[in-house]
Amino acid sequence: EDKVVQSPLSLVVHEGDTVTLNCSYEVTNFRSLLWYKQEKKAPTFLFMLTSSGIEKKSGRLSSILDKKELFSILNITATQTGDSAVYLCAFFGNEKLTFGTGTRLTIIP
Amino acid sequence: SAVISQKPSRDICQRGTSLTIQCQVDSQVTMMFWYRQQPGQSLTLIATANQGSEATYESGFVIDKFPISRPNLTFSTLTVSNMSPEDSSIYLCSVLAGGPGGELFFGEGSRLTVL
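Chains as they are written, first to last, in the working numbering: chain A, 5 to 113; chain B, 15 to 129.
Read the hints as simulated data drawn from the structure, not as lab findings. Keep in mind that a hint or two might mislead.
[To be verified] Simulated coverage check for chain A against chain B, where a stretch passes if three residues somewhere in it have a Cβ under 8 Å from a Cβ of chain B:
no.	region
1	47-60
2	99-110
[Claimed, not checked] DMTMM-like mimics (lysine to aspartate or glutamate), calculated; alpha carbons at most 25 Å apart, straight line:
no.	chain 1	residue 1	chain 2	residue 2
3	A	K100	B	E68
4	A	K7	B	D101
5	A	K44	A	E73
6	A	K44	B	D40
7	A	K100	B	D78
8	A	K44	B	E68
9	A	K100	B	E72
Virtual Cβ for every residue (Gly too), placed ideally from N, Cα, C.
Take the sequences, apply the hints, and build the full model.
Here it is, written out as structure tokens:
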């Protein structure tokens, strides 16, 4: 059975800290790995990764995929209170998106 | 990107009743999905809504409980039937953009509370 596991489940840091969120997967028919941020109801798209070793970057957020070791990380540098959210990792394969458990990130001012 | 309108935004329902959630997309899309997010949990796929044919349900979800319609490429409905408190969740409509392997866009979600 396909599965996506995220760690840690929750994380509390101070504003300005750098955080690394982890996502490991065991899936068949892998096509892409995606990261989402969920603050209220609807998740918002952050990154889509398809190739190993190529970093995607958007401002203070960056992500990379390792298809050999089957994991991805999401880095957030110089965290701000607005980064507080649940971060979801998901893989696209078998014509559907399967989500991980999520990491709840809390930034303390 | 796709703009997805979902309604109702929230509702409080009585046990044993049914509620239909609507999802309208501003462009034609091939693949449309319905997810459920129970309190404190991640997103779980209920089914893929197929235009012109029956929906494809995931393990643990059945058509009698969650009937889905997909009359055209821009619209779908999900009905939660014979509701119980365990059905209290956020229900999310989503569409695939950019072809297979592309990102998924989500509607704003419908927060359902069953008393």
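Here's how the hints hold up against the structure:
no.: 1; hint: 47-60; in the structure: holds (count 5)
no.: 2; hint: 99-110; in the structure: holds (count 8)
no.: 3; hint: A/K100 - B/E68; in the structure: holds, 16 Å
no.: 4; hint: A/K7 - B/D101; in the structure: holds, 23 Å
no.: 5; hint: A/K44 - A/E73; in the structure: violated, 32 Å
no.: 6; hint: A/K44 - B/D40; in the structure: holds, 22 Å
no.: 7; hint: A/K100 - B/D78; in the structure: holds, 22 Å
no.: 8; hint: A/K44 - B/E68; in the structure: violated, 31 Å
no.: 9; hint: A/K100 - B/E72; in the structure: holds, 10 Å
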